[in-house]
Each structure stands twice: as C-alpha cells, then as structure tokens.
Amino acid sequence: MNKVDTFENFLAIQGGFTSPFIFAINLILVALLSYILSVIYIHYGQSISNRRSFSYHFVLISMSTMIIISIVKSSLALSLGLVGALSIVRFRTAIKEPEELSYLFFNIALGLGFGANQKLVTIIGFVLVCSYIFIRNWKKRVVKEESLILNISFSPKIDISLEKLVNLIEPFCSQLELRRFEYNNNIIDASFIFESPDTSKITKIKEVLLKKDKSAQIQLLSLQHL
Numbered sequence: 003m004n005k006v007d008t009f010e011n012f013l014a015i016q017g018g019f020t021s022p023f024i025f026a027i028n029l030i031l032v033a034l035l036s037y038i039l040s041v042i043y044i045h046y047g048q049s050i051s052n053r054r055s056f057s058y059h060f061v062l063i064s065m066s067t068m069i070i071i072s073i074v075k076s077s078l079a080l081s082l083g084l085v086g087a088l089s090i091v092r093f094r095t096a097i098k099e100p101e102e103l104s105y106l107f108f109n110i111a112l113g114l115g116f117g118a119n120q121k122l123v124t125i126i127g128f129v130l131v132c133s134y135i136f137i138r139n140w141k142k143r144v145v146k147e148e149s150l151i152l153n154i155s156f157s158p159k160i161d162i163s164l165e166k167l168v169n170l171i172e173p174f175c176s177q178l179e180l181r182r183f184e185y186n187n188n189i190i191d192a193s194f195i196f197e198s199p200d201t202s203k204i205t206k207i208k209e210v211l212l213k214k215d216k217s218a219q220i221q222l223l224s225l226q227h228l
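So the sequence shown is numbered by the numbering used here: it starts at 3 and just counts up by one.
I should point out that these hints are in silico values taken from the structure, not numbers from a laboratory. One or more of the hints may lead you astray.
[As the list claims (entries may be wrong)] As a list, the in silico DSS-like pairs of lysine-lysine whose alpha-carbon atoms are at most 30 Å apart:
(1) 159 to 208
(2) 166 to 208
(3) 166 to 203
(4) 213 to 166
(5) 214 to 166
(6) 206 to 159
(7) 216 to 206
(8) 75 to 121
(9) 214 to 203
(10) 159 to 216
(11) 203 to 159
(12) 213 to 159
(13) 216 to 166
(14) 203 to 213
(15) 206 to 166
(16) 159 to 75
(17) 216 to 203
Could you build all of it, start to finish, from the sequences and the hints given here?
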C-alpha cells in the first residue's frame with residue numbers, strides 16, 4: 003500500500019508555480035525572439051522554398067510550445083500523456099530541406115526554454131546561435147559566389163535533351179544543380195541552381211540558349227533574395 007501511495011505521489015509531484023505575470027512576460031519574450039529569428043531566416047536562409055511564408059509560423063510554433071511546456075512541466079503524469087499523444091501524431095508538412103528543420107527545432111527550443119522558465123539560458127543560447135548564423139553567412143558572402151536560379155522554357159519543336167541542355171550551360175558555371183525538368187507537348191521547362199564567376203558568363207549562357215531557340219524564355223532569380 004505504501005508503494006502505491008508513493009507512486010501516486012510521484013506522479014502528482016508539482017513543479018514550481020509560474021505566476022500569470024511571469025507567464026505573460028515569457029510569452030512576449032519568446033514571441034519577440036521568434037520574430038527576430040524569422041527575420042534572420044528570411045535574409046540569411048539558403049532554402050529555395052518560400053522562406054517568408056515558412057517563417058510566418060515561427061512565432062506561433064514557439065508560443066504554442068511554451069504554453070504546452072508550461073502546462074505539462076508541473077506534472078509527470080501530464081508529461082507522459084504528452085509523449086503518448088505525440089507518438090501517434092505524424093507531421094504531414096512537406097519540410098524537405100535540413101535548414102527548414104534546423105530553424106523549426108530552434109523555434110521549439112525557444113518555446114521549451116521559456117516554458118521551463120529558463121529565460122537567461124535561453125536568451126544566451128539564442129544570441130550565440132544567431133551569432134554563429136551571422137558569422138557563417140558573412141564568410142559565405144566573402145568567399146562564395148552568389149547562387150542564382152535559372153528557369154528556361156523551350157518550344158517542344160526544339161530537339162534538345164536534358165543532357166544536351168546541361169552541356170550547353172555547364173561550361174559557364176562553377177556549380178550547376180538541376181532542380182526541375184518537365185517535358186510535354188506544349189513546352190519544355192527546366193530549372194537550375196547555379197553559381198557563375200562573373201556577369202559575362204551569365205550573358206554567355208543567355209546567348210547560347212537563344213542560339214538554340216530564339217523564342218526561348220529565360221528567367222534569372224537571385225537565391226539570396228527569394
């Protein structure tokens with residue numbers, strides 16, 4: 003009987019009570035840090051997806067995480083229930099790139115830290131991680147060429163394969179990566195991410211493509227500003 007009572011008391015152990023005022027302050031702080039992180043992600047992220055749209059959810063994710071942790075931290079039973087609930091929930095969002103997952107986990111970490119009322123540790127961690135992001139991207143801007151997205155549309159009457167298209171572009175690029183190739187009766191579409199040492203090479207790419215098809219549609223986008 004004593005063992006049963008001990009186990010029930012163990013499950014009912016209450017953590018430190020957080021006053022509504024402190025809870026509100028923590029919620030405001032985590033929202034502010036998440037917003038700053040969303041701005042950093044938009045400007046320094048390398049993902050080719052719509053970074054602005056993805057970062058729009060950062061504040062909601064961190065605030066939701068903080069609220070959940072603030073509720074379950076006071077009871078081991080609630081914590082175990084949360085683990086059981088999460089074990090049957092599967093994320094169906096199309097998050098394909100490691101960078102997106104990294105920022106998502108960083109937001110969750112902010113929510114966990116403020117939910118556990120560890121403000122100082124969380125803020126220090128946030129500053130250090132953001133400093134690393136700034137330093138990493140500063141070095142990239144110094145030593146690395148700018149990445150560009152090249153979208154090309156050809157008439158289906160043009161006899162060109164993917165291999166031939168790559169051979170046309172590759173001599174003018176230091177790096178070339180295919181992202182999409184679509185062929186149908188109406189149009190041939192291809193998208194590449196590439197890096198070129200200077201603008202004259204980019205002009206050469208345009209010239210060889212138009213030489214192949216005068217009606218070709220060519221679009222260049224800066225990956226840094228998407």
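What are the numbers of the hints the structure violates, in ascending order?
16
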